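A.B. asks: Now for the letters of each chain:
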Amino acid sequence: MISLLIMFTFLLAAIFLAIRSGMGKKMNLEQWAVGGRGFGTVFVFLLLAGEFFTTFTFLGGSGMIYQVGSPAYYVLAYMTLAYVFSYYLLPPIWRYAKEHGIVSISDFFSTKYNSSSLGMLVSIVGIIASVPVVVLQLKGLGIIVSETSFGMISPTLAVWIGTIAVTVYVMISGIHGAAWTAIIKDITIVAVVVFLGIYLPYHYYGGIEPMFEAVQAAKPAHLTFPDKGQSLGWVISTVLLTAVGFYMQPGLFAAALSAKSEKVFRRNTMIMPLYTLLLMFVFFVGYTAILQVPGLKGANGDLALLRLSIQTFDPWFIGVIGGVGLLTALVPTSVILLTIGTLFAKNIYQPVFKSNNETQIVKAAKLTVPVIAFISLYFAINGGNALYALLLMSFSLITQLFPSLLFSLLPNNRINKYGAICGIVVGVATVVYLTISGTTISSLFPSFPQTVKDMNSGFIALFVNVLVTLLISLLTAKNAATNKSLSPQ
Amino acid sequence: MKLVHVLGLIPFIGMLGGLPFANKVNAFVLGLPFLLFWIVLWVILTSIIMAIINYIDPANREEGVE
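First to last, the sequence lines map onto chains Y and B. My numbering numbers the first residue of the first sequence as 1 and each following residue consecutively. My numbering numbers the first residue of the second sequence as 490 and each following residue consecutively.
It is worth saying that the hints were derived from the structure and are not from the lab. For clarity, every value in this text was computed on a predicted model and none was experimentally measured. The beta carbon of each residue, even a glycine, is placed where N, CA and C say it ideally should be. There may be inaccurate statements among the hints.
Reference listing, derived: stretches of chain Y covered by chain B, where coverage requires no fewer than 3 residues with Cβ under 8 Å from a Cβ of chain B [said to hold, decoys possible]:
hint: 1; segment: 68-76
hint: 2; segment: 214-223
The following label-pair restraints were derived from C-beta to C-beta distances [stated by the list, open to error]:
hint: 3; chain 1: B; residue 1: Ile533; chain 2: Y; residue 2: Ala217; range: 21 to 31 Å
hint: 4; chain 1: Y; residue 1: Pro220; chain 2: B; residue 2: Pro509; range: 11 to 21 Å
hint: 5; chain 1: B; residue 1: Ile537; chain 2: Y; residue 2: Tyr202; range: 25 to 35 Å
hint: 6; chain 1: B; residue 1: Lys513; chain 2: Y; residue 2: Lys297; range: 25 to 35 Å
hint: 7; chain 1: B; residue 1: Gly503; chain 2: Y; residue 2: Leu406; range: 15 to 25 Å
hint: 8; chain 1: Y; residue 1: Ser154; chain 2: B; residue 2: Tyr544; range: 46 to 56 Å
hint: 9; chain 1: B; residue 1: Ala540; chain 2: Y; residue 2: Asn412; range: 28 to 38 Å
hint: 10; chain 1: Y; residue 1: Glu213; chain 2: B; residue 2: Lys491; range: 45 to 55 Å
Produce the entire structure from the sequences given, and follow the hints as far as they go.
C.D. replies: In structure tokens form, the structure reads like this:
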């Protein structure tokens with residue numbers, strides 16, 4: 001009971017901060033969504049970091065170590081490399097966005113390619129790709145609330161409570177609330193994760209190396225990449241795919257635009273990799289759990305961190321862990337829902353209904369939040385995927401935006417809007433087909449070497465995407481050229 | 490290719506290119522199995538490389554103060 005009380009104190013504190021930070025500000029769409037583009041290094045850092053340190057890292061990271069072991073290291077590698085990549089990618093995007101008053105990834109595409117249909121398509125892809133991430137966070141919330149209540153609240157009821165809390169939170173606060181909650185969240189999560197990552201191995205094994213030795217003796221396969229399946233080929237291809245797709249996530253893209261100057265990104269690239277090292281402590285927890293709380297099958301591996309903590313600590317401390325866990329779900333989910341709301345209002349609602357009424361657009365944005373939240377709630381209750389599987393699915397989808405974005409930044413872009421639209425549509429369709437039919441490179445080309453066979457199937461989609469983009473651009477450009485030469489002028 | 494671009498490739502090559510050789514448990518370094526140590530090492534090296542890039546990149550000087 002005490003654990004539940006402490007956890008709900010965290011929730012109330014977050015909501016209180018959210019209401020306070022939103023007060024005295026006129027909430028038009030730009031304030032609600034990108035904070036009027038006035039956030040400095042610290043705030044942008046916190047928002048970007050807040051997006052990355054989510055329930056995924058907290059529960060999914062330890063859960064993936066528990067379930068499959070080393071392939072979870074991919075998270076550490078891709079985040080680090082995504083920051084390196086952002087050093088070169090974000091400044092030109094930010095400059096262009098500032099010149100043209102762009103607040104979202106869809107605006108960026110529709111301005112760059114001068115096509116509002118493309119902007120609409122990008123919004124739809126962004127919204128679809130965000131759903132698995134929201135589902136992931138809600139599932140995490142459900143796990144946290146139900147475990148922290150020591151089973152008093154059923155997981156299903158817990159997901160309902162979580163969804164309602166998040167929805168209310170986002171609708172009243174906007175991005176200002178998220179940024180302030182991110183501050184408490186980041187301080188507390190660093191403390192809790194480092195403490196757990198060091199204390200648990202020492203408590204059970206007398207040290208980190210002895211803990212690894214015990215895992216090596218019992219489950220040696222958990223410490224290296226396997227020869228098949230999530231092997232080297234899988235890790236390297238997944239890291240590359242997710243590293244380039246990282247900033248295509250509408251939430252992160254928008255968070256990046258809220259920076260005050262392009263220097264902010266360059267500076268952040270020095271600190272952000274070190275921040276990802278926190279994951280190492282999460283991994284330690286996952287490894288400790290393998291032998292201490294055995295028997296969690298499949299997606300239940302995500303319970304590893306909390307089960308181990310419950311077995312080790314007094315209820316009040318479980319409340320603290322639950323409270324921090326709750327914040328790690330609240331901040332990223334609210335940023336994502338905010339972004340989806342903005343995308344829908346500005347790039348779908350506005351052009352379709354030809355509305356220029358600011359109050360109506362804000363209303364549309366805010367109403368999108370509960371709609372998406374409850375769609376995700378449905379999947380959170382009915383889908384059986386582990387957290388990391390959801391994250392990978394989202395990335396395969398969102399990465400399909402990357403080729404056209406990269407082409408658009410080149411000095412003389414040969415790609416036109418037709419190519420971009422067809423490429424994205426075909427890429428997304430391929431991902432959906434591959435996911436539903438369970439096709440992999442291995443089943444398509446059984447004679448390929450193992451490394452190639454294990455490559456992330458998102459690559460097939462990306463490859464088809466680029467091919468179609470180039471081909472259609474070439475064809476339509478030729479058509480336009482012949483039309484011109486034939487016309488009598 | 491400018492120097493700042495070449496430097497930016499090093500983390501990719503080190504982190505991912507080294508994996509086939511690092512994919513083993515022994516020897517333990519600083520309490521970590523070798524594979525995990527390798528990745529952690531490259532995270533830290535990446536941070537240092539990014540600091541160097543930040544320092545030498547002319548784009549950072551042109552802008553002047555924030």
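A.B. asks: If a hint holds in the structure, say so; if it does not, say that too.
C.D. replies: Against the structure, the hints:
1. 68-76: holds (count 3)
2. 214-223: It holds, with 3 qualifying residues against the three required.
3. B:Ile533 - Y:Ala217: 21 to 31 Å: 29 Å Cβ-Cβ, so the 21 to 31 Å window holds.
4. Y:Pro220 - B:Pro509: 11 to 21 Å: For proline 220 (chain Y) and proline 509 (chain B) the Cβ distance comes to about 19 Å; the hint holds.
5. B:Ile537 - Y:Tyr202: 25 to 35 Å: At 29 Å between Cβs, range holds.
6. B:Lys513 - Y:Lys297: 25 to 35 Å: Holds, at about 28 Å.
7. B:Gly503 - Y:Leu406: 15 to 25 Å: Holds, at about 23 Å.
8. Y:Ser154 - B:Tyr544: 46 to 56 Å: Hint holds: Cβ distance 55 Å, inside 46 to 56 Å.
9. B:Ala540 - Y:Asn412: 28 to 38 Å: holds (34 Å)
10. Y:Glu213 - B:Lys491: 45 to 55 Å: holds (46 Å)
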